[in-house]
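Number of protein chains: 2
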Amino acid sequence: MKKVVKFGGSSLSSAEQFAKVKQIIDADPDRRFVIPSAPGKRNPKDTKVTDMLYACYEKAEKGEDFKKALRDIRDRFQRIIDGLHLKTDLSVEFRNIEEQFNKKAGQDYAASRGEYLNGIIMADYIKASFIDSAKVIFFKENGEFDHEKTNRTLSEVLKDAERAVVPGFYGSLPDGTVKTFSRGGSDITGSIVARACKADVYENWTDVSGFLIADPRIIDNPAGIETITYKELRELSYMGAGVLHEDAIFPVRSEGIPINIRNTNSPEDNGTWIVESTCQKSKYTITGVAGKKGFCSINIEKDMMNSEIGFGRKVLQAFEDNGISFEHMPSGIDTMTIFVHQDEFMDKEQQVVAAIHRLADPDTIEIEADLALIAVVGRGMKSTRGTAGRIFSALAHANVNVKMIDQGSSELNIIIGVANEDFETAIRAIYDIFVTARI
Amino acid sequence: MKKVVKFGGSSLSSAEQFAKVKQIIDADPDRRFVIPSAPGKRNPKDTKVTDMLYACYEKAEKGEDFKKALRDIRDRFQRIIDGLHLKTDLSVEFRNIEEQFNKKAGQDYAASRGEYLNGIIMADYIKASFIDSAKVIFFKENGEFDHEKTNRTLSEVLKDAERAVVPGFYGSLPDGTVKTFSRGGSDITGSIVARACKADVYENWTDVSGFLIADPRIIDNPAGIETITYKELRELSYMGAGVLHEDAIFPVRSEGIPINIRNTNSPEDNGTWIVESTCQKSKYTITGVAGKKGFCSINIEKDMMNSEIGFGRKVLQAFEDNGISFEHMPSGIDTMTIFVHQDEFMDKEQQVVAAIHRLADPDTIEIEADLALIAVVGRGMKSTRGTAGRIFSALAHANVNVKMIDQGSSELNIIIGVANEDFETAIRAIYDIFVTARI
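These protein sequence lines are chains E and C, in that order.
First residue of the first sequence: 0, per numbering that gives the first Met the number 0; consecutive thereafter.
First residue of the second sequence: 0, per numbering that gives the first Met the number 0; consecutive thereafter.
For reference, chain E alone in the conformation it holds in the complex (with noise of 0.2 Å):
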């Protein structure tokens, strides 16, 4: 067994989070392979340091006095090492870096910091080898991802290494320059590793135990997700929350290796586990539920469309031509119904209405504005009948008006349109008939 463990922010904050995270890789020998983000912030006022380094940063850059600034990185990752009772010295890699900062390494660069000096504290405190990631992890002149390269450079490193700390965001370009991924990358850089060392899981280490049924800001302390697929994940990223970013996704599953999300502040908890396919039935028949407002519907009639070849398409070309992508599209026979993002469309609304126009001649077009849409997913509402009618009975025992269903083939999910108003209220009722009430 090879386990590939990745901290988040708020898990490596302080000396205290640190002490948490070992015990945890200590409990279990398959930990093997650790990726460390930048520390985090330690209470809610607090600063990350990762923000810290983007401000000093701008200074060097403006030719502004960056001095104080960098001794406050400093002092962040002094408290850590000397709260761990380390020894470890990062006089030469802060004189370095002040060295970069004058020369205007670049914002990359100093992003990276975090991640780099925090890897090196990592790995004197659990005693594993430390490996910068700018020696394994490639991107190619384009400042595209080199998937290749990487992999090839990174398993063998790993390979010889029994312990070794990888600090996650960032890599190089073919020059040597430091590039990060994008925000939340620290995700990327574990997911790269368990791919190239071809790890048995990709632990997600974090501040809560894994995904909830529904958002904890609607449903006070909503139930657990216990193992979730790639698929209803992706449904579920409706909620907009951050959970886990999309390129991290692609090199586990691509190998079918499962993601535990698990929580450093109770590592008691199963967490949520992310796999690719499973025979495990949910403990509900939802998966989860999530939704976001902000929606407005194109409604569309015309006599006899339903017998015109084409029109379809040509609606579809009005809101392209114009760059808005479509949420949904539930038809009748002589209506067809269009959802966007209403911020998207907004500002295009009169030419895409043009553009319909001209393209397809409809009969009418009506825009309906301040709509939510509400993700209804789960694997396991393809082999429990009864669920829509479950879901439609609860909504209107809610006195929640529907405006929109659309559920395909794939049975996976529902797709839900209310009214921006009735969107908590919707949220609340599907949540309760399926969890609270457990029907």
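Please note: incorrect hints may appear among the correct ones.
Unchecked claim - The list that follows gives simulated cross-link-like pairs (lysine to any residue, SDA-like), each with its CA atoms no further than 25 Å apart:
1) K301/C to G309/E
2) K301/E to F144/C
3) K301/C to P257/E
4) K139/C to P257/E
5) K291/E to I323/E
6) K301/E to D145/C
7) K292/E to T383/C
8) K313/C to I308/E
9) K139/E to T383/C
10) K301/C to Q349/C
11) K313/C to I364/E
12) K139/E to N150/E
13) K139/E to T363/C
14) K301/C to T277/E
15) K301/C to E326/E
16) K158/E to D27/E
17) K2/C to E254/C
18) K102/E to D71/E
19) K301/C to Q316/E
Just so you know, the hints here were simulated from the structure itself, not pulled from any lab data.
From a predicted model like this one, the values you see are computed outputs, not experimental measurements.
Given the coordinates of chain E, work out where chain C should sit on it, guided by the hints.
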């Protein structure tokens, strides 16, 4: 008040039926303009006069002896004349027809004689003037109906008529040749006449007391529909039953003239009113439920489909390029399902799949066959919360697996996909919950 009354073939198949029709016309002096069809079947094994005419003319065209066939047709009309104790003499007419058949005057001319002769008898019987449709209903040289010329001529002619008979089904081309509408074309003639004389009602008399909430082959003795809007009717056109020719609706709809479907054999029934818009609530939450078997679904998956502008358009392009129209297109985040007519799709299946791959590059495409689509339609559904809940609870209760749900912003209908074999069960469950149980 001015009413245009059209009688179908079964309403005019015999002297007995003619007598009922006269009673209906005489019962209301507003019933001033009468559109007769050709005599229909008197019993299930009977032949319609129009079919006799087609067969007779076929002989004429092949140069075979058609005297006997024409005599049989004359007998049909003579029986009606004798049964009504009229003195109508069709000798000249039949001599003309024979002459024209010998001259090979065309199939359209032949077919139109049923309405023409029935119109002469009708005019004689109810003491109305006879207007030959060839003189008032016009087609353009390219075969298209000449809306403007017809309306101008017809409204002029009808202005002076107190009571007139205008045979259904045919008109004439610019050179005077007779041309017919497609089958069921008498409905169109009635609608054109109603428009030209600015009628208050267009009564369409047939052998059923209007539309039924559900198909009587599935539901025993289903309740009737009192009032239905044009839009609802279009949505229910799914039921495929040839209730009313599409082209028959346009002329009256554009003038706001309501259509009243009535039963010649049961004139005391109110029948069904077809209207543009109404504040009449329907008796039940649903106006009707109808459906059709023989669809298949093409289920397309692609990671990140949702964020790819133009994906949906490309998929529809693949269908359009192969001349296939789609029925519905429900979508999730990474999935999209297209419903098409199975018989249309079958032959081009592999071309379409290849085109989707080429144009949209999806991850997987799966085809599911033998599906039925059901439309639950009702203008009352929008104002009645919980309609969807009741439908899906009823279906779950009846053990029907719901494969697709599609409800757009119009809230006029919900489209449901089920397996072919669940079709009748589903229709029954929906009918029962809304009509029998009347919840």
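Q: Assess, step by step, whether the Cα of K158/E is no farther than 25 Å from the Cα of D27/E, and give holds or violated.
A: Cα-Cα ~19 Å, so holds.
Q) Between K301/C and P257/E, does the CA-CA distance stay at or below 25 Å? A) holds, 20 Å
Q) Has the given pair, K291/E with I323/E, been kept, meaning a C-alpha gap of at most 25 Å? A) holds, 18 Å
(Q) For K102/E and D71/E, compute the direct alpha-carbon distance and say whether it is at most 25 Å. (A) holds, 20 Å
Q) Is the straight-line distance between the alpha-carbon of K2/C and that of E254/C 25 Å or less? A) Holds: K2/C and E254/C sit about 14 Å apart, inside 25 Å.
Q: Decide if the proposed pair is consistent with the structure: K301/E and F144/C, CA atoms, cutoff 25 Å inclusive.
A: holds, 21 Å
Q. Taking only the CA atoms, is the gap from K301/C to T277/E under or equal to 25 Å?
A. holds, 20 Å
Q.
Does I364/E sit within 25 Å of K313/C, going by the straight-line distance between their CA atoms?
A. With Cα atoms ~23 Å apart, K313/C and I364/E stay inside 25 Å; holds.
Q.
Just to be careful, I want the Cα atoms of K313/C and I308/E compared with a cutoff of 25 Å; is the pair within it?
A. holds, 14 Å
Q) Are the Cα atoms of K139/C and P257/E separated by 25 Å or less? A) violated, 70 Å
Q. Does the alpha-carbon distance linking K139/E and N150/E stay inside the 25 Å limit?
A. holds, 13 Å
Q. When you check the alpha-carbon spacing of K301/C and G309/E, does it fall within 25 Å?
A. Holds, at roughly 22 Å.
Consistency note: the structure conflicts with the earlier hints numbered 4, 9 and 13.
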